[in-house]
Amino acid sequence: MSKVMSHRSLERLGRGLTGSCVAISFALVVTLIVMVTYHGLTTFIVDGISPVSFFCGDVWNPHETGDNGVPLLGALPMIVGSFAVTLLSCVFALPFAIGSAICIVEIIPRIGRTVIQPVIEVFVGIPSVVFGLIGLMIVVPWTAGWAGGTGYGIFSAAIVLAVMILPTITSLSVDAIAAVPQSYRLGSYGLGCMRWQTIWHVVLRSALPGLLTATILGMARAFGEALAVQMVIGNATAIPDSLFTPASTLTSILTMGMGNEAMGTIPNDALWSLALILMGMSLVFIAIVHLVGRKGANVHA
Amino acid sequence: MMNTSTGDERIATHHVSVYYQGNKEALSDVSLTFHAGEISALIGPSGCGKSTFLRCLDLMNREITGCRVDGLIMYHDQDINQHADLFTTRQRIGMVFQQPNPFGMSIYGNIALALRRHGVPKAKIKGIVEESLRSAALWDEVKDKLHSHARALSGGQQQRLCIARTLALDPDVILMDEPCSALDPIATHAIEDTMQSLAARGISVIVVTHNMQQALRVADTTAFFYLGEMIESGKTEQIFSNPHDARLRDYVEGRFG
Amino acid sequence: MRETSITVHAMRARRVDRIATSVLIAIAASLCLLLGIMIGYVLVMGAGKMFDPSFLFGKPQQFKAGGGIGPELFNSFYLLVITLIISVPLALGAAIFLVEYAPDNVIVHVAKMAIEVLASLPSIVVGLFGFLFFVLMMGWGFSIISGALALTMFNVPILVRVIQQALESVPLDQRDAGLALGMTRWETTLFILLPAAMPAIITGIILSAGRVFGEAAALIYTAGQSAPVLDFTCFDLTNPSCPWNIFRPAETLAVHIWKINSEGVVPVLTAISDGTAAVLLVCILLFNLVARFIGRTLSRRLSA
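Chains as they are written, first to last, in our numbering: chain A, 1 to 301; chain B, 1001 to 1257; chain C, 2001 to 2304.
By construction, these hints were calculated from the structure, which means they are not laboratory data. Just so it is clear, the structure is predicted and the values come from calculations on it, not from any experiment. Don't take each hint at face value.
Said to hold, decoys possible - Label pairs and their calculated CB-CB ranges:
1. P1045/B / D175/A: 46 to 52 Å
2. V2110/C / G1119/B: 47 to 53 Å
3. H1210/B / V2081/C: 52 to 58 Å
4. P2053/C / I138/A: 51 to 57 Å
5. R1201/B / L2302/C: 32 to 38 Å
6. C56/A / V2008/C: 55 to 61 Å
Unchecked claim - Derived contacts from chain A toward chain C, CB cut-off under 7 Å, selection only:
7. V29
8. T42
9. V46
10. S50
11. F54
12. F55
13. C56
14. C103
15. V122
Glycine included, C-beta positions come from ideal geometry on N, C-alpha and C.
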């Protein structure tokens, strides 16, 4: 009978031990979301900054007050900056990423799957500061050379981010394309289609949800990247008049500012509001990935 | 089985039905009795519920979320479907699977693992390993390489190792789910011999098979399953030579399978 | 007439095919070239420093030329070890629960989703939360423990996913065999599934270690941006110069690269940051190589 008990209590122990690991992780996430939301909303609820002026104002100068006596907290330059670098980096990265993925799976699978793909997976893990440093050493001087100015700005940041998310998107796209059933390809070849026709009409079409997911995950990574961007964008808190003048993103201002503002002050609360926007956007990215995933599952079913 | 009375009753089901998620009935109202020292075969086309039934006897359906088993499963005068301790019951009722599935460790380790977990003293384990390998007719082939990797054995040897693994826990019922379907004829023959020697020791052997020849060769009694129902059961010769039910007759004559 | 048009069509298709193929190969080649040049650039620029012991193990200098990255190198590894000590058991437990025990209900779905959300949060947000929660509220200050916990939040979702996949790829009949022998799920997992999944788990842990090793954004406000001088003869765990003290600030290699580039007060800045980047990169590449090697060796031994 004691043996029986020991088995049962052993199972209870295992369940409890592992369950509490899930509970701890869950509690941490909830705490994070609650705390960031709480501090992020303080700006609007306690400090009385109007959300409209926060999202639409284009002057970010937390230590000065405007004509109405309210600190100048317009986050539009950073919001614009974040979206601009994200979209632009995607535009730069996508042709290379998807082209390479097609090439790896469809054209040179032997070298592609055994050599190039593992190497690209290694690149996914390269620290973002290294990309920032390379941006600082190569991209910024190069941009300054042909576009004039300092070289810091959205363009340089987008290039750096593009290189950074290239391995991510490529590697996920390879998986998406490789997941297309071989029978689809054989069917297309059986109809007398050439390789490119097969790729274009059959493979890419059925890999589309996967490619979309890859792109969005890449965008999410670019949107959330802080240090690599902060190093090359110039960090000027005004809406830039060109891609080649210093600008800023949500992440870059957060990185720079948090160390300088004391907790509980309005400028600090405003930074938390930026963090809240950042968190909200990453939730949106996840939601899109889920939606695409469900659509994709429907298409294949 | 029902209406036969050789040996004493070992395990019996009364009105057992199985429902999968969404209340889908996979098995409906099966009542069967299995006796000590008998080999019983469960036959029927695939998807007929014979494996589901077998998994009931070992309470393995409890591991499937959303699966519900109704009815009584009497084992040593106790309804194990309701009141049993899962872990002790599964030690007493052994199970051998379709694909040989030795653990990724040594031959010795495969048998010793469960013994150690159930608190068998170290000094006894060695003897039990040898004894169960002998019972599974594997000892002579592996006695010199007990510590080599189990997956280096042939398919038939692996399956006999799996039988030895369950025998080590001294069960009085052994369930086999198409144990020979992945094996060649010689290995199959060896497993069938093992089944007969187990039955001779008083163990009740219940084997699911899609191979009617196998049922004819080894089974004392046979039950025919079709579309989640147990259609007919009885002495094996009678089932095959003089089937009552038209569906069983068609099946025996090979009209479907 | 019709036949010629088909021939023309086929010829055009063939030409398009040839062009597309060469364009795709060119794209892939330029990608490889780009990545190759990048790695090569960092390694070549840093090569001079990388083999210089006074750089690798020396003290950093604030306003003078020269100076090494000794404390940063140590901090990076120490922080990694502390992070793994916290995050591996946590992720292992969570993954086992989700694969083996999790009932199919709302709470479990929400918990799964929460872990997924954590995986996609920007690391700066995790870092800021760490700053707020561990540094300020818990009062641990800029310290190794704050940094390790922030990195744990960053690392756990990655690890949970890897371990879950590893456990799920163990054939189902192994679990059934264990359960049918009267073992508990806990024992089956511990003694059968985990050993079988071990190669994939170890590979995953080492790869995640590479990610942790190079992470900076989550650390600048948790582990801090200063590297106190370390005294390796000191074993007083409350002393800030004791290397093993987990309540001291600890700047890592990745943070160092960011800091000297954004502060710009260190003379010969480029030489130092290039050297640091090269060291960081070599470490990351080593993690990858080791992961692959160990994964392959272990799975070969298991299937022998």
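How the hints compare with the structure:
{"no.": "1", "hint": "P1045/B / D175/A: 46 to 52 Å", "verdict": "violated, 39 Å"}
{"no.": "2", "hint": "V2110/C / G1119/B: 47 to 53 Å", "verdict": "violated, 39 Å"}
{"no.": "3", "hint": "H1210/B / V2081/C: 52 to 58 Å", "verdict": "holds, 55 Å"}
{"no.": "4", "hint": "P2053/C / I138/A: 51 to 57 Å", "verdict": "violated, 29 Å"}
{"no.": "5", "hint": "R1201/B / L2302/C: 32 to 38 Å", "verdict": "holds, 35 Å"}
{"no.": "6", "hint": "C56/A / V2008/C: 55 to 61 Å", "verdict": "holds, 58 Å"}
{"no.": "7", "hint": "V29", "verdict": "holds, 4 Å"}
{"no.": "8", "hint": "T42", "verdict": "violated, 12 Å"}
{"no.": "9", "hint": "V46", "verdict": "violated, 16 Å"}
{"no.": "10", "hint": "S50", "verdict": "violated, 24 Å"}
{"no.": "11", "hint": "F54", "verdict": "violated, 18 Å"}
{"no.": "12", "hint": "F55", "verdict": "violated, 19 Å"}
{"no.": "13", "hint": "C56", "verdict": "violated, 23 Å"}
{"no.": "14", "hint": "C103", "verdict": "holds, 4 Å"}
{"no.": "15", "hint": "V122", "verdict": "holds, 5 Å"}
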